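Read top to bottom, the protein sequences are chains A and B. Residues in the first sequence are numbered from 41 upward in steps of one, following my numbering. Residues in the second sequence are numbered from 467 upward in steps of one, following my numbering.
Check before you lean on any hint, since a few could be wrong.
To be verified - What follows is a set of in silico ranges between Cβ atoms, one per label pair, in the way DEER data are often shown: (1) B:I557 to A:Q55: 41 to 49 Å; (2) B:E666 to A:P228: 28 to 36 Å; (3) A:P107 to B:Y769: 48 to 56 Å; (4) B:E666 to A:L59: 21 to 29 Å; (5) A:L133 to B:N480: 47 to 55 Å; (6) B:I557 to A:F124: 41 to 49 Å; (7) A:G268 to B:S580: 20 to 28 Å; (8) B:E666 to A:L231: 33 to 41 Å; (9) A:P228 to B:W526: 51 to 59 Å.
Note that these hints are calculated values from the structure, not bench results. Bear in mind that the values here come from a model prediction, so they are computed numbers and not experimental data. From the three backbone atoms N, C-alpha and C, an ideal C-beta is built for every residue, glycine too.
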Amino acid sequence: MNNPSIMPTMPGSEQDLLLNLKKKYLPNLRNSLILILLLIVAIIELLPLLWLFSTSLRLPAQSYDLPPDFLPTSFRWQNYQAVFASSEINFPLFFFNSLKIAIIVTTGQLLTCSLAAFAFARLRFKGRDALFLFALATMMIPGQATIIPYFILMTKLKLIDSHWALILPALTSAFGIFLLRQHFLSLPEELIDAAKIDGAGFFQIYWEIFLPLIGPGLSTLGVFTFIGSWNNFYSANIFLRSWDKFTLPIAMVQLRGYMGSGSIAEQLAAICLSILPLAILFIFGQKFVIESYTRTGIKG
Amino acid sequence: MKEPQLSRRSGLSNRLIERLAAYVMVFPAMLLLGVFVGIPIIASLVLVFMRYDALTPPVWIGNDNFVRLIKDPRLLTMYSNTVKLTIGAVIGNNVLGLLIALGLRRITHRFWKSFLRTSIFFPVLTTTSTLAVVWWFLLSDNRGILNWFLSKIGLVPVHWLTSSNTVIYSLILYDIWKTCGLVAIIYLAGLQGISKEYYEAAEIDGAKSSQLFRYITLPLLTPSIFFNITLGIIGGFQIFDAPFVLTGGGPGDASGTIAFYVWQIAFSRFEFGYGSAVAVVLMIILIVITLLQFRISQKWVFYE
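Bound-form chain A, shown alone (with noise of 0.2 Å):
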């Protein structure tokens, strides 16, 4: 009876035991508090989602529903079928379009910035300072302000309506170069002059040592720059003006007025679509995508 474990000090006080159970349990009610408190924040932040998946998947009679059912009723597989079948659609196109300009974007970003941040991070040479300077200056400037002239040359070049409007501004970025300068400066300015006196060339020595120990700085400038790219509305919506040529985030709000009178049910399943490889990218690459946000904010 007297287990000194469950009443160690003034056994019979009352007092005390009411600490004790206090001690013991307020910790573990206080974080059961907070974790319900950030379940509702959670599903707050999930409901537009599950209410848009699960309404993808009814019948298109019950979209507008009332009250709301945000798990599904029903799954019609078929919606999304339709969204492939519609030759007016054409929905994989969307698709098409939206990832071959986020690849070639991506692709180009980390060669452009990673050659650039090297240089400018391990390389000698005269301007290097005014250089690097100028690409940060070249942060500070919003987009609204370089967008007017731009368009301008555009229209000369005869590239509206192209996608070579949305790539070619974007196939290197003043951020990319920052965030790489700062992964190459972390590591130790030994390894070029070991490189050097073996006798490997500058470009050898960037592509087969240098690059290969950013890993973590490229695939954080890749995530970001990828998801930009799919997510990009503001110059597609500027620049791209028949319907084959336009990227999933443009062709989405079209939708709405293509299909006044058609299924809201495939439009959901489309957006669903649209989604997907960000979902994709998310779960199995949950911890990287977040910490890659959180890498460019922090360390910078």
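Once you have looked at the hints, place chain B on chain A.
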């Protein structure tokens, strides 16, 4: 006699090779930045003195665009909307984001921690235009889900997107829904960077948890706070997608932002000169705000 000369020459040419290699390496990036940022920004600074619609040749009109800009009542509305939107979003995102991060730090259960982080962060990866249909339905007046809930709990339905008094708050709420997860994980990373030794030492001295927050957590979190606020303001001043897609800037001009207005002037009315003037003023304001923030940050941001 010959050897030192040789090595000196090869040393010189090594320098030259290094320099050449460097120029080749920075060339693609610098060319692209020059053509797509450098030249356009100079062109913008010239365009502000012109009237130009891309069809007829440009006309030099001096500072007429700036005279017009100062008298433009719509511009004032757009700035007032943008400032409201930015302040609301920055405060909302940072308060909620910090609370989420502080809460997440206490969750030790692995499944819940990962589930919460994933669900709260996922909206960051979505884009406004793609999800527009969903938000129209959520926020619609008569058949919207949100208003249905409000009426169920006995409240009056809100004209989320159709009343000029509420529309800006709806956009603030939308921005918080979309962005608070990003702000939260940046705070979480900041919190995880704080060494546990500080807390242990303070606890030995008998500090209360409110004191721990006030004297350890908050000061050591100031770099993250500074980062989130700076990015929030820069991003807030350039909000375009939400007003463009969800409200069209309306009703009236109640939800128009400056970025939206620049688009309207340039790409719906094709007044490239005036559009450039508005954009360049926005750029100057943004640069001044950013520099001021860095200046002020020296007074309150604490670096270990």
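Checked hints:
{"no.": "1", "hint": "B:I557 to A:Q55: 41 to 49 Å", "verdict": "holds, 44 Å"}
{"no.": "2", "hint": "B:E666 to A:P228: 28 to 36 Å", "verdict": "holds, 33 Å"}
{"no.": "3", "hint": "A:P107 to B:Y769: 48 to 56 Å", "verdict": "holds, 52 Å"}
{"no.": "4", "hint": "B:E666 to A:L59: 21 to 29 Å", "verdict": "holds, 23 Å"}
{"no.": "5", "hint": "A:L133 to B:N480: 47 to 55 Å", "verdict": "holds, 52 Å"}
{"no.": "6", "hint": "B:I557 to A:F124: 41 to 49 Å", "verdict": "holds, 44 Å"}
{"no.": "7", "hint": "A:G268 to B:S580: 20 to 28 Å", "verdict": "holds, 25 Å"}
{"no.": "8", "hint": "B:E666 to A:L231: 33 to 41 Å", "verdict": "holds, 38 Å"}
{"no.": "9", "hint": "A:P228 to B:W526: 51 to 59 Å", "verdict": "holds, 57 Å"}
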